[in-house]
Each structure stands twice: as structure tokens, then as C-alpha cells.
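**Q** Please model the complete structure; the sequences and the hints are all you need to start from.
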Amino acid sequence: MMSIWIHEESKVLIQGITGKQGTFHGTMMDEYRTNVVGGVTPGKGGQIVELPNKNVPVFNSVSEGLEETDADVSVIYVPARFAAAAIIEAADAFEEKGGGIIVCITEGIPILDMIRAVARVDGYPNVRLIGPNCPGIITPGDEGGCKVGIMPGFIHAKGRIGIVSKSGTLTYEAVAQTMSVNEGQSTCVGIGGDPVNGTGFIDCLAAFEADPQTEAIVMIGEIGGSAEEEAAEWAANNMSKPIVGFVAGSTAPPGKRMGHAGAIISGGKGTAEEKFVAFEKAGIYVARDPSEIGNVLVKALKDAGLR
Amino acid sequence: MFRGVIDMNIHEYQGKILFKQAGVKVQNGIHCKTVIDALSAYDNLGSKVVAVKSQIHAGGRGKGNLYDPKTGDLVMEGGVKIAFSREEVKKYASNIIGRKLVTKQTGPEGKIVNNLYVESGCAIAHEYYLALLVDREAKSILIMASTEGGVDIEEVAENTPEAIHKIWTHPTDGLDVKDAEEMADKLGLTGDSKNDLVSMLLSLSNMFVEKDCSMIEINPLVRSESGEMIALDAKVSFDDNASYRHPWMDEMRDHSEEEEVEIRAHEHGLSYVKLDGNIGCLVNGAGLAMASMDVIKLYGGEPANFLDIGGGATRESITTAFGIILEDENVEGILVNIFGGIIQCDMVARSVIEASNELGLKVPLVVRFSGTNHVEGKLVLDNCDLDVHTSSTLSEGAAKIVQLTRGDK
Numbered sequence: 077m078m079s080i081w082i083h084e085e086s087k088v089l090i091q092g093i094t095g096k097q098g099t100f101h102g103t104m105m106d107e108y109r110t111n112v113v114g115g116v117t118p119g120k121g122g123q124i125v126e127l128p129n130k131n132v133p134v135f136n137s138v139s140e141g142l143e144e145t146d147a148d149v150s151v152i153y154v155p156a157r158f159a160a161a162a163i164i165e166a167a168d169a170f171e172e173k174g175g176g177i178i179v180c181i182t183e184g185i186p187i188l189d190m191i192r193a194v195a196r197v198d199g200y201p202n203v204r205l206i207g208p209n210c211p212g213i214i215t216p217g218d219e220g221g222c223k224v225g226i227m228p229g230f231i232h233a234k235g236r237i238g239i240v241s242k243s244g245t246l247t248y249e250a251v252a253q254t255m256s257v258n259e260g261q262s263t264c265v266g267i268g269g270d271p272v273n274g275t276g277f278i279d280c281l282a283a284f285e286a287d288p289q290t291e292a293i294v295m296i297g298e299i300g301g302s303a304e305e306e307a308a309e310w311a312a313n314n315m316s317k318p319i320v321g322f323v324a325g326s327t328a329p330p331g332k333r334m335g336h337a338g339a340i341i342s343g344g345k346g347t348a349e350e351k352f353v354a355f356e357k358a359g360i361y362v363a364r365d366p367s368e369i370g371n372v373l374v375k376a377l378k379d380a381g382l383r
Numbered sequence: 214m215f216r217g218v219i220d221m222n223i224h225e226y227q228g229k230i231l232f233k234q235a236g237v238k239v240q241n242g243i244h245c246k247t248v249i250d251a252l253s254a255y256d257n258l259g260s261k262v263v264a265v266k267s268q269i270h271a272g273g274r275g276k277g278n279l280y281d282p283k284t285g286d287l288v289m290e291g292g293v294k295i296a297f298s299r300e301e302v303k304k305y306a307s308n309i310i311g312r313k314l315v316t317k318q319t320g321p322e323g324k325i326v327n328n329l330y331v332e333s334g335c336a337i338a339h340e341y342y343l344a345l346l347v348d349r350e351a352k353s354i355l356i357m358a359s360t361e362g363g364v365d366i367e368e369v370a371e372n373t374p375e376a377i378h379k380i381w382t383h384p385t386d387g388l389d390v391k392d393a394e395e396m397a398d399k400l401g402l403t404g405d406s407k408n409d410l411v412s413m414l415l416s417l418s419n420m421f422v423e424k425d426c427s428m429i430e431i432n433p434l435v436r437s438e439s440g441e442m443i444a445l446d447a448k449v450s451f452d453d454n455a456s457y458r459h460p461w462m463d464e465m466r467d468h469s470e471e472e473e474v475e476i477r478a479h480e481h482g483l484s485y486v487k488l489d490g491n492i493g494c495l496v497n498g499a500g501l502a503m504a505s506m507d508v509i510k511l512y513g514g515e516p517a518n519f520l521d522i523g524g525g526a527t528r529e530s531i532t533t534a535f536g537i538i539l540e541d542e543n544v545e546g547i548l549v550n551i552f553g554g555i556i557q558c559d560m561v562a563r564s565v566i567e568a569s570n571e572l573g574l575k576v577p578l579v580v581r582f583s584g585t586n587h588v589e590g591k592l593v594l595d596n597c598d599l600d601v602h603t604s605s606t607l608s609e610g611a612a613k614i615v616q617l618t619r620g621d622k
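If you're matching them up, the sequences are chains A and B in order. Numbering of the first sequence is given in my numbering, commencing with residue 77 and proceeding in unit increments. Numbering of the second sequence is given in my numbering, commencing with residue 214 and proceeding in unit increments.
These aren't lab readings, by the way, just hints derived from the structure by calculation. Just to be clear, a hint being listed does not mean it is correct.
[To be verified] With a straight-line cut-off of 25 Å between C-alpha atoms, the simulated PhoX-like cross-links for lysine-lysine are:
| # | chain 1 | residue 1 | chain 2 | residue 2 |
| --- | --- | --- | --- | --- |
| 1 | B | LYS276 | B | LYS246 |
| 2 | B | LYS276 | A | LYS332 |
| 3 | A | LYS332 | B | LYS317 |
| 4 | A | LYS96 | A | LYS120 |
| 5 | A | LYS357 | A | LYS378 |
| 6 | B | LYS283 | B | LYS246 |
| 7 | A | LYS345 | A | LYS332 |
| 8 | B | LYS379 | B | LYS238 |
| 9 | B | LYS575 | A | LYS332 |
| 10 | B | LYS448 | B | LYS424 |
| 11 | A | LYS332 | B | LYS448 |
| 12 | B | LYS487 | B | LYS510 |
| 13 | B | LYS304 | B | LYS283 |
| 14 | B | LYS313 | A | LYS332 |
| 15 | A | LYS345 | B | LYS448 |
| 16 | B | LYS276 | B | LYS313 |
| 17 | A | LYS130 | A | LYS120 |
| 18 | B | LYS317 | A | LYS345 |
| 19 | B | LYS448 | B | LYS313 |
| 20 | A | LYS332 | A | LYS317 |
| 21 | B | LYS246 | B | LYS448 |
| 22 | A | LYS345 | B | LYS238 |
| 23 | A | LYS345 | B | LYS313 |
| 24 | B | LYS352 | B | LYS379 |
| 25 | B | LYS276 | A | LYS345 |
| 26 | B | LYS261 | B | LYS303 |
| 27 | A | LYS332 | B | LYS424 |
| 28 | A | LYS173 | A | LYS87 |
| 29 | B | LYS487 | B | LYS575 |
| 30 | A | LYS345 | B | LYS379 |
| 31 | A | LYS234 | A | LYS375 |
| 32 | A | LYS234 | A | LYS87 |
| 33 | B | LYS352 | A | LYS332 |
| 34 | B | LYS448 | B | LYS379 |
| 35 | A | LYS332 | A | LYS378 |
| 36 | A | LYS357 | B | LYS510 |
| 37 | B | LYS510 | A | LYS332 |
| 38 | A | LYS234 | A | LYS378 |
| 39 | B | LYS303 | B | LYS276 |
| 40 | A | LYS345 | B | LYS510 |
Predicted, not measured: the structure shown is a model, and the values here were computed from it.
**A** Below you can see the structure in the form of C-alpha cells.
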């Protein structure tokens, strides 16, 4: 068994641990048996945060935290105006250490901040950014698991389906759909709904293809941009494992941002229909109704001789 | 909590103030609110020929038509006029101020013109197109220009994509002068015109970053007969997520140009977009909210709105959300779709009951709960006096609300 990027034993640092969001979600992560090893809040180093299963130390900087805890993952719950700086700080620290995973949950980060932050991360081949504006990433284990983000842990179970999605609650819907047909998940990645972000669909598909635990993938896109089309084309040439796809926003009007900064049809481009067509062309199993993802997944698994 | 996903647009005359500050060449012009203003602007500009330009937050003004907002009668064709005399300024200004301008981008309802810009005329040798925007795939700022200016750029992109030239700025170092020079060459500019364009591109890319723009579009950018490169138009929008570091944005905001209800929703942490259908939706999460609309349509209904209550929803924000949905006279039924994560379904259930009682809900209501505390949430609804239908899946809920709004109860 494997999973992608985070594993049951991954050591997780929380940036913004003493803030309201950081403490709340740190608690939920710990309850799910995530191995939270510490937190970072500048100026609060030396403090202790009490989590349900253990007390963890607070550090002044990510590099100090990594030195003391040897964390593999850092999750960011800091307000939007400080989030890009938090990403850059984590990226520099992980680069120094030799690599790591940064998960940024924060919504509403200025887009030009993200361009700078992503450019920094992209300069470090061993550092990966997931998000921002996303639910995070979760690898369900035998008992609890590694939950790095804000998703409800209890809806998941360990299994063989990899999930990648731009959306939060729609990812939960996809998880529930796999559960409804008695399938668990290897890893679920929310890549976020911002126009400029870190990890994309293709990164996730490539990792799922290489992961022995993952046997099929559910991919959830939405209107805006062309990441789904590019992923579909890539999948047609590189994926042996079956993919089930859904795209949200068939009924979205052009020129309006639908909640996510990146969810906009502009100049007639980025429609759900284009993306569905690209999926079909690439041999991806399409669900037009998210409530059908489970049934379509069963068909995909049967066709592949996996059920 | 303020969730910023709305771009902030400004008027052309405001964009040109910023251009001037940034060192981008523009014609002299004066912002006017009345016909008298327009006449004194004409006197002050000292240019025999002037452009009289409607100011609204939508493109296609030149090819738009002005209508009397009361009678709906056509008043004048074209929202941007060239006046060759004081009399013509008076005539055009009178036809514009207070009228409804309908363009390709405003939709049939149009926009009332409250602002006018009177600008010195310009002897044009050639019209170009120039735009700066965020390229989400390249993850940097894209500068796009074409020798085919003054026309619908989407048509150029469709028919002759090779006529659109592109360069990108560096994420941290900004625009490379060599790239700017290459762009000038591609547009066939030489001498002073080339120097003008290079300096304009550097100024605009700096302004884009300094002011947190999400788009700058100049159509047309012109080469004057004397070879100067002048921005004859200015369409500028900003990233609202960055407004905290730009207090001046508030002063430039024209609330009359923004959708009041979308702004109100925004202030309550809600993300709302009105649509034309009859089934109101209240959902947590943007993706799930879109998917809910899609499934309503799949089952033969028409969604009345997009509404994401967000992860931090409270009783108050849910009541506001209900109020906003019910303000829409087309709404004949409501689908609530919640996948509880941080949000607990029983809290939503109590809020829904409270809001329904407070607002005197008269249309059918279907609620679908899943995730955190969905069992408790359903129990709360089952034990209340409200006529509410519950379902456990999205498709079941969508099918139910479509059936109920069709009248086959």
C-alpha cells in the first residue's frame, strides 16, 4: 500500500496554529490521528498548543520548526494577506531541508501574490504546493489517517480510489459517491479554485498512476481556464488506470465568477461543455450528474476487470 | 468575513487618471456629470474636435444605442460621438446623460449613463489593440497586442489569431525591455513610436503590479499622425482580494454600476449570482453550488441563482441568503443542498426554519443534507411545523423540487 504525497505517518506542521482557524483545524486533524508535530506563529515560539491527543510546540519560523520536528508537510491557515509570505517561507525552509509538501487552505489571496509565491515554489523541484483556496489533502488510514486540511475526516475510508478536485464540498460529494458503492480512497487532493495555484490535475494524475494503492481516479473540474482539457489530453497518452470525470458549471452564465476566483467563462472559453467533450475524447468516463459518480465508477472498474 | 471574488471595475476617465500617473500618454479630457459641465469642458479643452464618451462599466459603448429609460424610444445610435462644434457637444451630451445605454456587454436591460467624458480629438494614423491580464496557465502577466485595433478583439482572435502578439512578464523581475522592444517590432513600430510603446508597456506592467490590476485593456491604442502612441481608451479592473492594501480603491468604486444584491451578499460572506430560472438554490461550496444548478437543469428545471453560503456560514448569513433568494420574484421553490464539513447540518436546519418563519416562506422547500450531523439536521426538520421535504441525495432533491415547482404536487 502507498497513497500519494502524504502518508499515515507523515509529520505535519501547522502555520498559524495559534489563530482561531489553526487551532480549530489542528484539533480536528489530531482527532483524525494526523501526526501533528508542531506549529508556527511568529512571536509565539516556545508556547504549547493543547490538542486532544497531545500537546505540540509552537515555533517562531518554519525553518526552526523543521529543524526541531523534521516535519514533511506544512499546512497554512493564516489570513489571506499573510498567506503568500507564509507559502514562500515554507518553500524556502523545505528547500533547505531537501523537500516537502505545503498545503495552503486560505481563500482570497491576491492573485499577484500567488504568481510570486508559485514562481518561488516552482524553482524548487522537491517542494510541492497544494492549493490555495482548497480543502487540503487526506490519506485515510486503517484507523483515522493523515488529514491535512478542513475536510470532514469521518466520511472517508481507506481504499483504492484517488480523488482530485478543484472544489471543496463537491470533493466530499465525490468521496460519498465512492463510499456508496463500497469503495474507499487512496488519497483525496483538493487543488483549489483559484486561477493561479500550485499542484494541478496532471501532477495528481501522474502521482496516482505511479501509486500502487490507487486503481482508479475520480477527477472533478469546474468552469474556467483549460486545466481540465490539458489534463484530459495528458491522460489519454499517459494513464492506464480508469478515470471518472465530472465538471461543475454547465448552467453557469458567461462572464460571471461563480464563487471561486477561477470559475469564470471568459471570452466564450472555459465552458463545462468543452471540458466534458475533452474528457470523452480522452476516454474518461463521464458523469453528468455528481450523484451518478458512484455508478459510473462501478462501470469503469468493471470494464477494467477490477470489480 | 468578506469573501472577495468580485473584480472591481472603474470608468474610462478614472483609468486615464491612473494612466497619466503611470506615465502613459492620454489625450486631455474632463469628467462631466451634466450638459453644462460638458460645454464648459469643451471651452476649457480648447480643441475644436472632441470625443463625447458615455461612461459605463461595460464595453461596446461606441456601437451601443441610447434609449429613453421611460419610453424605451431610441434616442441616439452610438454611445461615443465625435463632436466638431459646441452645438454638437450639447446635442450629444443631452442625448447621453440620464439615458439608457445598451451594448453587446450590458444585455438588453442596458445601463443608465450618469457620467460623461469629454476628450480632445486626436488625428489617428493607425489603431492598435493592447491588453494586460493574468495568464492562469503560464502563471504570469500576459501582454497581448495587435495591429487590428478598434474592433472586437474576440473576432480577431477567432479569425486571425496570428495577428495577436503575446509576451509575458517575469513573476518577480517584471517586463524585460527586450520583450517590449520585440513587441514594438512585431507591431511594425519604428523610431519615436517604438520608443513610446516600449515605455508604455513598461509603465503599464508596473502599474498592473503596483495597483493589483486584474486587467488593463486599451482598445484602441493609437499611433497619432505625429507618431505618438496614445491610449484612447482605458478599461481597468482590479483584484478585490487586494483592496485592503489600496484604500484609494474605495473612492474609485461606483456603487451604482455594481449589482446591489451581489454586493450585499458579498458583505455577508455569501457568493450570489442571479440567473433567470425559478428554482432558488442555497448551497455550501462553490463547486457544489454549481453542481446543484446543473442537476436542477438535468431534471428539467431552471436554477434561479448561484448561491454559496461559504464555510463560515451562521444563522444570520443563512437568513440573509434566504431573504436574497426570496427577493427574486421568479422564485417558485427552493433547494437547500448542504454537505456538512465544518458546517453542521443541524445548525443549518434550525437556521432554515428560523428564516422561513421570519420571511413567511410560501414556496416549496426541499432540503438535502449529507456529512456532518446530517441525521440530527433531518430530525430537526422532520419535527418542525414547516412544510419541508428532505432527501438524502442531490439528484433526489433536485428531482423533487422540479416536480413541486411544476405544480404536480
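**Q** Hint by hint, say whether it matches the structure.
**A** Cross-check of the supplied hints:
A hinted pair counts as satisfied when its Cα atoms are at most 25 Å apart, and B:LYS276 with B:LYS246 qualifies at roughly 22 Å. For the suggested pair B:LYS276 and A:LYS332, the alpha carbons sit about 23 Å apart, so the restraint of at most 25 Å is met. For the hint linking A:LYS332 to B:LYS317, the alpha-carbon distance of about 15 Å falls within 25 Å, and the restraint holds. Pair hint A:LYS96 plus A:LYS120 holds up; C-alpha atoms about 14 Å apart against a cutoff of 25 Å.
Restraint check for A:LYS357 and A:LYS378: satisfied, since their Cα atoms lie roughly 20 Å apart, inside the 25 Å limit. Of the supplied pair hints, the one linking B:LYS283 and B:LYS246 holds, its CA atoms being roughly 20 Å apart against a limit of 25 Å. The straight-line distance between the Cα atoms of A:LYS345 and A:LYS332 is roughly 12 Å, inside the 25 Å bound, and the hint therefore holds. Restraint check for B:LYS379 and B:LYS238: the C-alpha separation of about 22 Å stays at or below 25 Å, so the hint holds.
Using a Cα cut-off of 25 Å, the hinted pair B:LYS575 and A:LYS332 is violated, with the two alpha carbons roughly 30 Å apart. The hinted pair formed by B:LYS448 and B:LYS424 meets the criterion: a straight-line CA distance of about 14 Å does not exceed 25 Å. With a CA separation close to 17 Å, the supplied pair A:LYS332 and B:LYS448 stays within the 25 Å bound. The suggested pairing of B:LYS487 with B:LYS510 holds, with an alpha-carbon distance near 15 Å, which does not exceed 25 Å.
The hinted pair formed by B:LYS304 and B:LYS283 meets the criterion: a straight-line CA distance of about 19 Å does not exceed 25 Å. Pair hint B:LYS313 plus A:LYS332 holds up; C-alpha atoms about 22 Å apart against a cutoff of 25 Å. Using a Cα cut-off of 25 Å, the hinted pair A:LYS345 and B:LYS448 holds, with the two alpha carbons roughly 20 Å apart. Only pairs whose Cα atoms come within 25 Å are accepted, and B:LYS276 paired with B:LYS313 is accepted, the gap being roughly 14 Å.
Annotation: proposed proximity of A:LYS130 to A:LYS120 holds, straight-line Cα distance about 19 Å (limit 25 Å). Under the criterion of a C-alpha separation no larger than 25 Å, the hint pairing B:LYS317 with A:LYS345 is consistent with the structure, at around 17 Å. This hinted pair checks out: B:LYS448 and B:LYS313 have alpha carbons roughly 20 Å apart, not beyond 25 Å. Proximity of A:LYS332 to A:LYS317 is assessed by CA-CA distance (about 35 Å); at most 25 Å being required, the pair is judged violated.
A threshold of 25 Å between alpha carbons decides the hint, and for B:LYS246 with B:LYS448 the separation of about 20 Å falls inside it, so the pair holds. A hinted pair counts as satisfied when its Cα atoms are at most 25 Å apart, and A:LYS345 with B:LYS238 does not qualify at roughly 32 Å. Of the pairs offered as hints, the one joining A:LYS345 and B:LYS313 is violated, with about 29 Å between alpha carbons and a cut-off of 25 Å exceeded. The hinted pair formed by B:LYS352 and B:LYS379 meets the criterion: a straight-line CA distance of about 14 Å does not exceed 25 Å.
A C-alpha spacing of about 23 Å is found between B:LYS276 and A:LYS345, which places the hinted pair at or below 25 Å, so the restraint holds. A hinted pair counts as satisfied when its Cα atoms are at most 25 Å apart, and B:LYS261 with B:LYS303 qualifies at roughly 14 Å. The straight-line distance between the Cα atoms of A:LYS332 and B:LYS424 is roughly 22 Å, inside the 25 Å bound, and the hint therefore holds. Of the supplied pair hints, the one linking A:LYS173 and A:LYS87 holds, its CA atoms being roughly 14 Å apart against a limit of 25 Å.
Straight-line distance between C-alpha atoms of B:LYS487 and B:LYS575 comes to about 20 Å, which keeps the hinted pair within the 25 Å bound. Restraint check for A:LYS345 and B:LYS379: satisfied, since their Cα atoms lie roughly 18 Å apart, inside the 25 Å limit. A threshold of 25 Å between alpha carbons decides the hint, and for A:LYS234 with A:LYS375 the separation of about 21 Å falls inside it, so the pair holds. Using a Cα cut-off of 25 Å, the hinted pair A:LYS234 and A:LYS87 holds, with the two alpha carbons roughly 19 Å apart.
A C-alpha spacing of about 21 Å is found between B:LYS352 and A:LYS332, which places the hinted pair at or below 25 Å, so the restraint holds. Of the pairs offered as hints, the one joining B:LYS448 and B:LYS379 holds, with about 19 Å between alpha carbons and a cut-off of 25 Å not exceeded. A C-alpha spacing of about 39 Å is found between A:LYS332 and A:LYS378, which places the hinted pair above 25 Å, so the restraint is violated. The suggested pairing of A:LYS357 with B:LYS510 holds, with an alpha-carbon distance near 24 Å, which does not exceed 25 Å.
Of the pairs offered as hints, the one joining B:LYS510 and A:LYS332 holds, with about 18 Å between alpha carbons and a cut-off of 25 Å not exceeded. With a C-alpha separation of about 20 Å, the suggested pairing of A:LYS234 with A:LYS378 holds against the 25 Å cut-off. Simply put, B:LYS303 and B:LYS276 have alpha-carbon atoms about 20 Å apart, close enough for the 25 Å limit, and the pair holds. The hinted pair formed by A:LYS345 and B:LYS510 meets the criterion: a straight-line CA distance of about 21 Å does not exceed 25 Å.
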